[in-house]
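Novice: Sequence:
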Amino acid sequence: MAIIRKLAITQFRNLNQQYIEPGERLNLFIANNAQGKTSLIEAIYYLGHNRSFKTKSLKELIQLQHQQFQLDAKVDESRIKLEKSKQKTQINIDQIRLKNSSELSKVLPIQIITPDKGFIVNGTPKNKRSYLDWGVFHVEPSFLLNYKNYNKALKNINTLLSQQKNQELDYWFLEISKLSADISQSRNKYIEQLKNTNSNELIEGLSSLFNAIEFFNYKFKSGWPKEVNEFDHNSVYQYLIKNKDFLLKSKYLNYGSHKASLNFFLNKKEECFLSRGEQKTLSIVFWLTQVSLMVKNNIFPIVLIDDLSSELDTTKIKTILHFLNHLKIQTFMTDIGKDLSFIKDENPVIFIINNGIIKRQ
Numbered sequence: 001m002a003i004i005r006k007l008a009i010t011q012f013r014n015l016n017q018q019y020i021e022p023g024e025r026l027n028l029f030i031a032n033n034a035q036g037k038t039s040l041i042e043a044i045y046y047l048g049h050n051r052s053f054k055t056k057s058l059k060e061l062i063q064l065q066h067q068q069f070q071l072d073a074k075v076d077e078s079r080i081k082l083e084k085s086k087q088k089t090q091i092n093i094d095q096i097r098l099k100n101s102s103e104l105s106k107v108l109p110i111q112i113i114t115p116d117k118g119f120i121v122n123g124t125p126k127n128k129r130s131y132l133d134w135g136v137f138h139v140e141p142s143f144l145l146n147y148k149n150y151n152k153a154l155k156n157i158n159t160l161l162s163q164q165k166n167q168e169l170d171y172w173f174l175e176i177s178k179l180s181a182d183i184s185q186s187r188n189k190y191i192e193q194l195k196n197t198n199s200n201e202l203i204e205g206l207s208s209l210f211n212a213i214e215f216f217n218y219k220f221k222s223g224w225p226k227e228v229n230e231f232d233h234n235s236v237y238q239y240l241i242k243n244k245d246f247l248l249k250s251k252y253l254n255y256g257s258h259k260a261s262l263n264f265f266l267n268k269k270e271e272c273f274l275s276r277g278e279q280k281t282l283s284i285v286f287w288l289t290q291v292s293l294m295v296k297n298n299i300f301p302i303v304l305i306d307d308l309s310s311e312l313d314t315t316k317i318k319t320i321l322h323f324l325n326h327l328k329i330q331t332f333m334t335d336i337g338k339d340l341s342f343i344k345d346e347n348p349v350i351f352i353i354n355n356g357i358i359k360r361q
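With my numbering, letter number 226 in the sequence shown gets 226, and the count goes up by one each step, no holes.
Honestly, the hints are just simulated from the structure, not real lab data. Treat the hints with care, since some could be wrong.
Here are the in silico distance ranges between beta carbons for each label pair [claimed, not checked]:
| no. | residue 1 | residue 2 | range |
| --- | --- | --- | --- |
| 1 | Y252 | S275 | 30 to 38 Å |
| 2 | R276 | L145 | 34 to 42 Å |
| 3 | D232 | E77 | 43 to 51 Å |
| 4 | N100 | I352 | 30 to 38 Å |
| 5 | I352 | K328 | 24 to 32 Å |
| 6 | M1 | E214 | 26 to 34 Å |
| 7 | N149 | P115 | 30 to 38 Å |
| 8 | N263 | K242 | 24 to 32 Å |
| 9 | K56 | N263 | 24 to 32 Å |
| 10 | Q238 | N297 | 32 to 40 Å |
| 11 | E77 | N297 | 19 to 27 Å |
List of simulated lysine-lysine pairs, DSSO-like, C-alpha gap at most 27 Å [to be verified]:
| no. | residue 1 | residue 2 |
| --- | --- | --- |
| 12 | K106 | K88 |
| 13 | K106 | K86 |
| 14 | K81 | K328 |
| 15 | K318 | K296 |
Ideal placement from N, C-alpha and C gives every residue a C-beta, glycine not left out.
Based on the provided sequences and hints, a complete structural model is requested.
Specialist: Here's what the structure looks like:
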């Protein structure tokens, strides 16, 4: 069970030498705009992913007049320390240096619900793949290696296509066909598991979030044309061989697992025809379904919720928090704190942030 017991943030945006001891369930951070509440969420997210959900620019994250930032946390019985500068990244778990970020994500799995990251329903294919693969990674052990090898094969294929080198293409076509079939199978299996998670308990728990939740559905899009059986590597391979001349002309592989997506429906209505309110609410239903599936697999992610009061009414927010408390999930939520009486039943640990200073109430 992932629970942050202690957290120290140094020179990250406007947070400097801040230390907190969060509660095991709901932690509420109240602040006006530009005081540091989103920076806190971003710092925790960074600690679990070794990247930001807001920017790719390291310069924006490190405080002015400083050369690096540092994040240090006790997660259950483990200690995670992340130091980042322009020259290097150093991540240690229990004083052992990590070679890649995937190990970090296993120790500190994080799900985030924020308008800044974009809603998944009617979102971009890239954002949909990001959330989809986050879930697959945590329940399918072979997925990460297949994903890395797929990207390596894709890079080689695109290099050969751009250089008009025909000789080695067949070999890499076969490699990427096998990897793509495995990735499609893993993704589709995960989607089916999510659908099975839509139990009566889930529907009942989230019914006040959306009163037609039982009509919410989603379908996996593999990234390959309809004539290709994405689960059969021979079908993928034959398609690539058949279209080799076209691919040499286009100079890149325009189909494949790197183009996969999800299609969402409500009562058979496509996502693009749903209202903005329906899209964002159903996005949250999907994210909470992912969390529920992880808990069923005995993986307890930390959930970050940033600035949802600007998007949802109090009834919906209360439903989300009650659902997460029922799952025994540690949650970090930010708000401007106008009227939070509706949250009191969830027994939050409350922190106030003012000008980058975090104090427990």
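Novice: Hint by hint, note whether the structure agrees.
Specialist: Evaluated hints:
no., hint, result
1, Y252 - S275: 30 to 38 Å, "holds, 37 Å"
2, R276 - L145: 34 to 42 Å, "holds, 39 Å"
3, D232 - E77: 43 to 51 Å, "holds, 45 Å"
4, N100 - I352: 30 to 38 Å, "holds, 37 Å"
5, I352 - K328: 24 to 32 Å, "holds, 26 Å"
6, M1 - E214: 26 to 34 Å, "holds, 30 Å"
7, N149 - P115: 30 to 38 Å, "holds, 34 Å"
8, N263 - K242: 24 to 32 Å, "holds, 26 Å"
9, K56 - N263: 24 to 32 Å, "holds, 28 Å"
10, Q238 - N297: 32 to 40 Å, "holds, 36 Å"
11, E77 - N297: 19 to 27 Å, "holds, 21 Å"
12, K106 - K88, "holds, 22 Å"
13, K106 - K86, "holds, 25 Å"
14, K81 - K328, "holds, 25 Å"
15, K318 - K296, "holds, 22 Å"
When the structure is compared with the earlier hints, no violation turns up for any of them.
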